[in-house]
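Student: Which chain is which? The protein sequence lines are E and F, in order.
Numbering-wise (our numbering), the first sequence opens with residue 1 and increments by one.
Numbering-wise (our numbering), the second sequence opens with residue 1 and increments by one.
FYI, nobody ran anything at the bench for these hints, they're computed from the structure.
Please note that the accuracy of each hint is not assured.
[Unchecked claim] Covered, in the sense of this in silico footprint (three residues per stretch, anywhere, with C-beta under 8 Å from a C-beta of chain F), are these stretches of chain E:
#, stretch
1, 32-42
2, 198-210
3, 216-229
4, 342-355
Being a predicted model, the structure only gives us computed values, none of them experimental.
All C-beta atoms, glycine included, are put in the ideal place defined by N, C-alpha and C.
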Amino acid sequence: MHSQLLGAAAAYFEGPTRSLAHLNAVDIAVIAIYFGIVIFIGFYLKGSATTSEEFFMAGREMTAWIAGLSFVSANLGSLELMGWAGSAYEYGILATHWYWIGAIPAMLFLGIIMMPFYYISKTHSVPGYLHLRYGDGARALSAVSFAFMTVLMSGINMYSMALVMKVVLGWNLNFSIWVSSITVALYVGLGGLRSAIYNEVLQFLLIWLGAMLVPILGLIEAGGWTNLKHQIGERLGSEYVHLWSTTGHFSDNPMGIHWTGLVFGLALVISCGYWTTDFLVVQRVLSAHNLRSAKMAPLIGAAFKMAVPFIVILPGLLALAVLPYHLVPQNVAVATGQHSYNEVLPLMLVRYCGPGLLGLGVTALIAGFMSGMAGNVSAFSTVWTYDIYGAFLHKNAADKHYVAMGRWCTFIGVLISVGTAYLVQHAASIMDYVQGLFSFFIAPLFGTVILGMMWKRATKAAGFWGLLAGTCTAIGLFLWVHLDPKALRYVALSPDAKGLAEDMYRALWSWLVCVIVTIVVSLATKPKPVSELEGLVYGVVPLPVEHDDHWYQKPIVWAGVIAGLFVILNIIFW
Amino acid sequence: MREEISIWFFGGVLFLIYGTIVFVEGLWELSHPLANPPALSNLHAPIWWGGMMGIAGLVYTVKFWPKRHRG
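Extracted from the complex, chain E is given alone in its bound form (with noise of 0.2 Å):
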């Protein structure tokens, strides 16, 4: 019975025959000094999150620097890097819109114009938010629907993990899932949203790390940036490698994409409301130590990510170039034996790294995965305990009953990212969906959100049906499309438009929705007074004013100087 036991176990955790490379030893000790040092840090932070505003806030005492490196490590998971760089190897360049006009925009608009309403409210979380501006109703709705996505989310990432490291590297599936998971349940479960952020600053460092070797070396083996765009260009087209030039209209790139799309529905509303109100990356920013700490966190944030495409874009580009096979995507993959977009980065790793530096690459991924997971889990436990079980299941507990559930919740959330990462293996196609998800919850929530703000005269009721009739739309978009794929054209305004189109415009107009209902609902019910609005909306009370002893010290400035920038990197890759 017990050798019966031990043989099945040996099996669950037993790895594939073949893999595209083999870690040695030195590569064995880098990945095992990693989570020997992630898990200390869990132990030793443990001390540090006894009280809730400890444990889910981390004390609001991160400086600029830590609140926005981990602002943007939390947003550097697995699907996000070799997503990504398996999309800059499928569309080209176009993929770096994500990065630019599909965060830095959003970022600066968090530092500089939301940031002050969230910080001085002392909201715990996004949904936090919405109840002191429109009450319980837009608080239920937000809360659950961040909670379920997010443990998808977190679910969908662990499992394009376990993935990848099947295929390269000859990792059991089960292995990867379990001990990622178990090391961040223990990290997080111990050291809450301080230990989440300290690792995720060491993931962030580790991420350029083990990655920023590919570009260097890949760019060298292909002659420079130059010689580069020359050779996809010649075996794919010029469209590969431009930015915006080819997007005047949808067939005349390769992601079938129009610019209109980019800047109103990527820009616009599905940037601005991930950056801005999706609580995994603004819960990092909250826990800035003062107000100048947290309008400066996304700007920091804003300037690594603008970076971000080095590592994730370019390797994808040079792939196109160096590697002397093709790729293929997933399901040609999984029924050819050939190798699919997302395992990009991975096999640019082997191609240019030998031990150690091997292991210090997968180090990386492992951190994108870990930083990626922490923050799903973190965001999801200090929504659950604040949002659904302190402001609706039990309320008035002790403050030690809430940490306490804390806990609890995050080992939880990692038990059902678990699941999630089961079921997307026994049905792939979940995962098209959920990526759709996004666009659900995030799109209708940037419009009652920045009309809370900005708005005096939205009222309770509206910020409930606006948020409800968004949501609603953008579930029947997309519903609409699956059942009928002629309704593309309607949707996505041309019959030429592809699934990353579809999902730009089903933002655009479930946002618009949410926006028009908020404000004919406002309009036609009475307003909250002016007095209940303190600290929540612009222009009921003047904000606090910033006194810094330099110019160079304002945020502003800053935010100007990445804006700056922003525009000659668009204006060069035109």
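Once you have looked at the hints, place chain F on chain E.
Tutor: Leaving out everything else, chain F in the frame of chain E:
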């Protein structure tokens, strides 16, 4: 309780350990070439990359070395 160890100290230690491992591995490969070397192995990336990491790690480890309790 407030933590005494700065996050930058952890980062420094990690860089120092990794830099040392990669640098030593690079030196080892000079005398024991790999059977299946990666592309551009003639550039000896582990030596200069590991060396730079190690130096950066050392600087941060020393600069953010945990301060002792007083009293």
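Student: Out of the numbered hints, which ones does the structure contradict?
Tutor: Violated hints: none; all satisfied.
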